[in-house]
Amino acid sequence: MESTGVLRMTQHEAGNGLSDQLLVARCQADDLSAFDLLVDRYQARVFGFARRMVGDAQEAEDVAQEVFVRAFRNIRRYDGRASVAGWLFKIATNLCIDRRRRRSRRVVEVPLEPDADIAHGLIARSGDPQEEAVAKQMHEVVQSALATLSERLRPVLLLHDVEGMSYEEIANALNIPVGTVKSRLFLARERLQSALSAYLQAGETDE
Amino acid sequence: MNKKELLERIERDERLSLVEQSELDAMLSKDDAQQDVARLLGGLPSEEPSLAWRSRLNEQLQREASKPLRGFSWLRAGFIASATACVLLAATVVFQVSRSGAVPSVSSELLVRWHEEAAASVALPADGSSMTTFAVAEQTPREEDELDDLLYGGSMEAL
Numbered sequence: 001m002e003s004t005g006v007l008r009m010t011q012h013e014a015g016n017g018l019s020d021q022l023l024v025a026r027c028q029a030d031d032l033s034a035f036d037l038l039v040d041r042y043q044a045r046v047f048g049f050a051r052r053m054v055g056d057a058q059e060a061e062d063v064a065q066e067v068f069v070r071a072f073r074n075i076r077r078y079d080g081r082a083s084v085a086g087w088l089f090k091i092a093t094n095l096c097i098d099r100r101r102r103r104s105r106r107v108v109e110v111p112l113e114p115d116a117d118i119a120h121g122l123i124a125r126s127g128d129p130q131e132e133a134v135a136k137q138m139h140e141v142v143q144s145a146l147a148t149l150s151e152r153l154r155p156v157l158l159l160h161d162v163e164g165m166s167y168e169e170i171a172n173a174l175n176i177p178v179g180t181v182k183s184r185l186f187l188a189r190e191r192l193q194s195a196l197s198a199y200l201q202a203g204e205t206d207e
Numbered sequence: 001m002n003k004k005e006l007l008e009r010i011e012r013d014e015r016l017s018l019v020e021q022s023e024l025d026a027m028l029s030k031d032d033a034q035q036d037v038a039r040l041l042g043g044l045p046s047e048e049p050s051l052a053w054r055s056r057l058n059e060q061l062q063r064e065a066s067k068p069l070r071g072f073s074w075l076r077a078g079f080i081a082s083a084t085a086c087v088l089l090a091a092t093v094v095f096q097v098s099r100s101g102a103v104p105s106v107s108s109e110l111l112v113r114w115h116e117e118a119a120a121s122v123a124l125p126a127d128g129s130s131m132t133t134f135a136v137a138e139q140t141p142r143e144e145d146e147l148d149d150l151l152y153g154g155s156m157e158a159l
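Protein chains in written order, with our numbering: chain Z, 1 to 207; chain D, 1 to 159.
Only chain D is shown next, with the shape it has when bound in the complex (with noise of 0.2 Å):
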């Protein structure tokens, strides 16, 4: 095969069979020609760019640098706010049952006065104030301790 009809072929992008691979690893590198621009190519100058261009580099380096995280993205950002949340999270469970002894359960006594306490608040007051007003006015500081005990971990025992 010979130049012209391999050029075609390369041109109209057909596959070139093993023998027509090697006929174009001959041309590349020894046809006068292709040899020619070869030449002229690896003969152009060296062009190096200006000072000033190297001292443009120089600072958006130095910014690039002075980053807090290169490639920092806010996906590893979600990452790691929501890794950070889980963490604390679980170390306030853990703060607050350390800190209360033992694990807050609900007793059947009080769970009892607490149906009672609900079940005078529906009843009609004999003085005539309100069910929110009698309701609040029956609860005392004493049961608020124990509320507060149960829903933030104060001891039981108190109970």
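Extracted from the complex, chain Z is given alone in its bound form (with noise of 0.2 Å):
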């Protein structure tokens, strides 16, 4: 799972040739085109990270774009000790966190009932455009099972099952121990899981 995060890192390192740190060091020295190629570079992860952890699209531009304005304002005081990457989810984690808890709003669990197509789309997809269209609805039946967990699972389950992030970059982002973050994870698939299970059984039936 963690080759996902990585392969797409790898595709924007090879579009621009410069590493991270380079970039981070370029915008120390006030260069605000570094800072343009960061944003280039993790604007959609960022996005899709807050679009997942809040659910809605237009409170998720609001997190992306607060993200990428305090990573600007404190772009001096990163050290390196962790990647931008962690550094950047780091913030979208606690802005997606405060913003919930400011709205204080109960969580609205989607019922899921069990489609066939749907559920075939949860385990093979192709370029078909009703594929195109279920995969579009398998998108919206995992975003709600996802609005099921905790604001302690949802994080870490993001960061490494769609990020690609290891343990310890979880860890040192949402500063708890790469244990807890392991029972995290595995509850957290385990949560997920159950949730979809219906579509799961419904998509291998169909086969």
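FYI, nobody ran anything at the bench for these hints, they're computed from the structure.
Idealized CB from N, CA, C, for every residue including glycine.
Please note: incorrect hints may appear among the correct ones.
[What the hints assert, rightly or not] Label pairs and their calculated CB-CB ranges: (1) ARG12(D) to ASP62(Z): 35 to 45 Å; (2) ALA133(Z) to GLN60(D): 33 to 43 Å; (3) ASP36(Z) to MET1(D): 46 to 56 Å; (4) ARG76(Z) to LEU89(D): 44 to 54 Å; (5) SER50(D) to GLU140(Z): 10 to 20 Å; (6) LEU18(Z) to ARG12(D): 19 to 29 Å; (7) ALA44(Z) to ASN2(D): 34 to 44 Å.
Two chains, each in its own frame: build the complex with the hints.
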């Protein structure tokens, strides 16, 4: 699973040939264009993470904006101990949790009714337009299932399985021990799996 | 320990032994259900924010960049103002002393003169004028110059 995030990073790095550390050093020397490159590199990941954390696309855009503005303000304080991705996701996690607490809105759990087409999409997808529509629906179902997870479990699951971060990077970003990261990841996957089990089973029988 | 027992222990926030931790590691990387969820999440499409979002961000970053001091705080402002005031004060004192050429001091002669003037002002004037008027009237321009020299760093040799 870690290959997903690593692959994304490799593509981005191949795109402009500069390491994160070099870009940060240039930002620290007041080079705004270097920060633009960092935004190019991480905007999709930060936005996607925020989208899955807060659920709402508009709010996720606000969070993503705030993440980069705060990173820009504090770029001189970045000491390189954590990866740039870990640093950005740490800011993003804190902002998402703060927002959810401020709203103090109860998580709306969407009832998950089994649907053979969507279940098939959970297992395998093709480039077919119908499959694309199913994939979109699938995304909504996963989003609903993610919303049922607690704030302790969701960031760990997203950072590991979606963003491809290592246990150590997550521990550093969330200020928790590595053992706790593993326990929470295990628990989060179990909870998500049980929320989606109806779809997974329906998909397998459909195949 | 089977998966269910491990799950219950984790849900109860119990500390895991080394053996249990290694079992947890194995389940995270090999258990089918765990891997299904990991594959599912890893295959989610990436989402790009809109161009309007990027445009707004660029505007915000430009505003941040144009601020005079990034990370400027009132604490730092207070410190800078105090330091500047101290430096100006020290510079003023040094400048005044160097302009006078000598450190001003009060001579005994001047002290005696002040005492005599003060004593004279306490005595009732013969012409019936008030004490204040008398004291001011007795003060000559020459003495005013001397006082100014003493107070504002003028040369004491003139005395």
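Structure-based check of each hint:
no.	hint	result
1	ARG12(D) to ASP62(Z): 35 to 45 Å	holds, 37 Å
2	ALA133(Z) to GLN60(D): 33 to 43 Å	holds, 35 Å
3	ASP36(Z) to MET1(D): 46 to 56 Å	holds, 51 Å
4	ARG76(Z) to LEU89(D): 44 to 54 Å	violated, 32 Å
5	SER50(D) to GLU140(Z): 10 to 20 Å	holds, 19 Å
6	LEU18(Z) to ARG12(D): 19 to 29 Å	violated, 48 Å
7	ALA44(Z) to ASN2(D): 34 to 44 Å	holds, 40 Å
Consistency note: the structure conflicts with the earlier hints numbered 4 and 6.
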